[in-house]
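Peer 1: In order, the protein sequence lines correspond to chains C and A.
According to my numbering, the first sequence holds residues 2 to 438 in order.
According to my numbering, the second sequence holds residues 26 to 275 in order.
Just so you know, these hints were derived from the structure itself, not from any lab.
Watch out, some of these pointers could steer you wrong.
Computed cross-link-like contacts, BS3-like style, restricted to lysine-lysine with a CA-CA straight-line distance of at most 30 angstroms [said to hold, decoys possible]: (1) A:K51 / A:K125; (2) A:K251 / C:K398; (3) A:K125 / C:K398; (4) A:K176 / C:K399.
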Amino acid sequence: MADVTLMKTPAETALVQAFESAKTALPGNGESRAQAFEQFNARGLPHRRVEEFKYTDLRALLREVAPFAAAPSADEAKAALAGAKALAGVEALQVPFVNGHFMREAVDFHALPENLEIVPLAEALANGHEWLSRLSPVPWANDNPVYQLNTSFMADGVMIRVAGPVETPVHLRFVTAASSAIATATRVLVVVEEGASVTLLETHESTDGANHQPNDVVEMIAGDRTNVQHVRVNAEGDKALALSTLAAKIGGEAVFNSINVTAGAATSRHQVFALLNGENTHLRVNGATMLKGSQHGDSTLVVEHGAPHCESRELFKTVIDNEATGVFQGKIIVPHHAQKTDGRMMSAALLLEEGGSMNNKPELEIFADDVQCAHGATCGQLDEDLLFYLMARGLPKKEAESLLVQAFLGEALEFVENDAAREALVGTVESWLKARS
Amino acid sequence: MLEIKNLVVQIEDKRILNGLNLTVNKGEVAAIMGPNGSGKSTLSYVIAGKEDYEVLDGEILLDGQNLLEMEPDQRAAAGVFLAFQYPLEIPGVASMTFLKATLNAQRKARGQEELTTPDFIKRVNAAAQQLEIPKDMLKRALNVGFSGGEKKRMEILQMALLQPSFCILDETDSGLDIDALRIVSEGVNALRSPDRAFLVITHYQRLLNHIVPDTVHVMHAGRIVKTGGKELALELEANGYADYRESEAA
Chain C
2 MADVTLMKTP AETALVQAFE SAKTALPGNG ESRAQAFEQF NARGLPHRRV
52 EEFKYTDLRA LLREVAPFAA APSADEAKAA LAGAKALAGV EALQVPFVNG
102 HFMREAVDFH ALPENLEIVP LAEALANGHE WLSRLSPVPW ANDNPVYQLN
152 TSFMADGVMI RVAGPVETPV HLRFVTAASS AIATATRVLV VVEEGASVTL
202 LETHESTDGA NHQPNDVVEM IAGDRTNVQH VRVNAEGDKA LALSTLAAKI
252 GGEAVFNSIN VTAGAATSRH QVFALLNGEN THLRVNGATM LKGSQHGDST
302 LVVEHGAPHC ESRELFKTVI DNEATGVFQG KIIVPHHAQK TDGRMMSAAL
352 LLEEGGSMNN KPELEIFADD VQCAHGATCG QLDEDLLFYL MARGLPKKEA
402 ESLLVQAFLG EALEFVENDA AREALVGTVE SWLKARS
Chain A
26 MLEIKNLVVQ IEDKRILNGL NLTVNKGEVA AIMGPNGSGK STLSYVIAGK
76 EDYEVLDGEI LLDGQNLLEM EPDQRAAAGV FLAFQYPLEI PGVASMTFLK
126 ATLNAQRKAR GQEELTTPDF IKRVNAAAQQ LEIPKDMLKR ALNVGFSGGE
176 KKRMEILQMA LLQPSFCILD ETDSGLDIDA LRIVSEGVNA LRSPDRAFLV
226 ITHYQRLLNH IVPDTVHVMH AGRIVKTGGK ELALELEANG YADYRESEAA
């Protein structure tokens, strides 16, 4: 049979050219970049016939490739950060990025909280820093084309080491302030050493009206007996095509909670790849997604129970207004040796109007024989009887709907331990609801 | 106060109310009794404004305002309150949050200022104490995991806070034990006033020993078929509804 070669799309050709012209200028050893790009390029942009991208066809969605931006001037950076609002009220150590570049001037390296070290990634790549070997902690994430593109183009970011308990939350603040479309490819590695604990806030904001193309990766290595609380907010601009990945390898007897709250971007896809690598660990991955207009929001999750006696809980709530589209793909993998696994995954969607759609794809891949795993997926409308009850008590229809939507999403938010962060997320839900009435 | 004239209502092509006439005056407690399926609950829902019912004819006036042209929230602001036979559970909404939202929505609709939090809490605590509602119940999600009696007490608490002018109690006695019945009835009696009217819907005379009505109406096949004083309830308790069924057949 003759080989079939798919025609490259203009965007794929542009990516090849972008990589060819950028590769010598990008910091560090080019080998792993070249390898990642080769893997990406062999298959091209994933499309609807690729199972993992069935509902988010990147080949169709990515028409023009946006350029990467030069580092902003000090004034530009200052103005960009002054306008950033996501989780602004939460007291935290600010680790800001503007247009894909780490703003090292904004961090006082001499006054970091105890147990915390931060290394700029561009510098580390250029110098061959010893922590670089710890990048890409989840081996199978390397097969993912979005992740491969980030590995190919990653130019900046930070590596953070948490050596013990860190009280002050660390806020990774990503801001894109350019008025015309730009791409970013940042990589953040957080290594949480045995017994350490940290709260990590991660927010992404960009200007409205430009087709920004962020593809940002945060990866974590959480050692045994660690406690990691991760709160992520997608508040990207209204035209952005936002791709993001959280890749985490988690040791034994650890507690790892991650929530992603999405209200921004025209199209977004947040991928969570979690590998449980030690026994008796508790993982919770939650999502709260609010979509309106013609927004498209994809939450993709793969959890591998790589060790026995672990518990994982996944709860994804999606509210869909107008003609928006939601996607949830969740897979729990339980290999032969992961006996006594306890995994529960739930995706619930609320469609506020006719015309919206939700695609739910829960998957369990279980090879062990003594496990408890469950998954559920629901799609529905607001309960008419509940609405009547609230209205009969005097709440106008929109307010009654808002109260029920808040209650629906609230279930995913209630696990956020940091009070100020949780209240800020509730505030995000409230302002989203206010904007629709 | 409340005037219902020739009300005809159907749901999914099934006629439930058949030219019902009813007048309840200011300060009056009117009881409606009747067998299952006579249309008692339908009447309460239609007054409160539930969407599922189709009103084919007639009108419902509250102080001269046409309720049928109003949304349920506008009816509530105009003074209508329905204590549900089966109060709904609302997971994720704390009872306090719910109470504050409803109270302030009604005040806003009436052009009054919203209550300050301390003022609100003071009012809730006073009303809760009278109904023997513990404080931790108010922190829980509305009606979730509440017993039947707790749910009914929560309905009366809402009534006490919202101070409506026309209260409908839809089988408030169902699912109540004797102590809960006493507490709920005392709560209702405390709200009786010359400016407020009640429509008490019940199967049994039992509730009317506690909430003594001024008038008793017998409902059958979607109509009021007999009206009398409180002694009519005792008569029904003794003889049942059989007389009315026969009169229908004849």
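Peer 1: For each hint, tell me whether it holds in the structure or not.
Peer 2: Hints, one by one, checked against the model:
Straight-line distance between C-alpha atoms of A:K51 and A:K125 comes to about 28 angstroms, which keeps the hinted pair within the 30 angstroms bound. For the given pair, A:K251 sits about 38 angstroms from C:K398 by alpha-carbon distance, which is inconsistent with the 30 angstroms threshold. This hinted pair checks out: A:K125 and C:K398 have alpha carbons roughly 16 angstroms apart, not beyond 30 angstroms. Taking the CA atoms of A:K176 and C:K399, the gap is about 25 angstroms. The hint holds against a cut of 30 angstroms.
In this structure, the one hint that does not hold is number 2.
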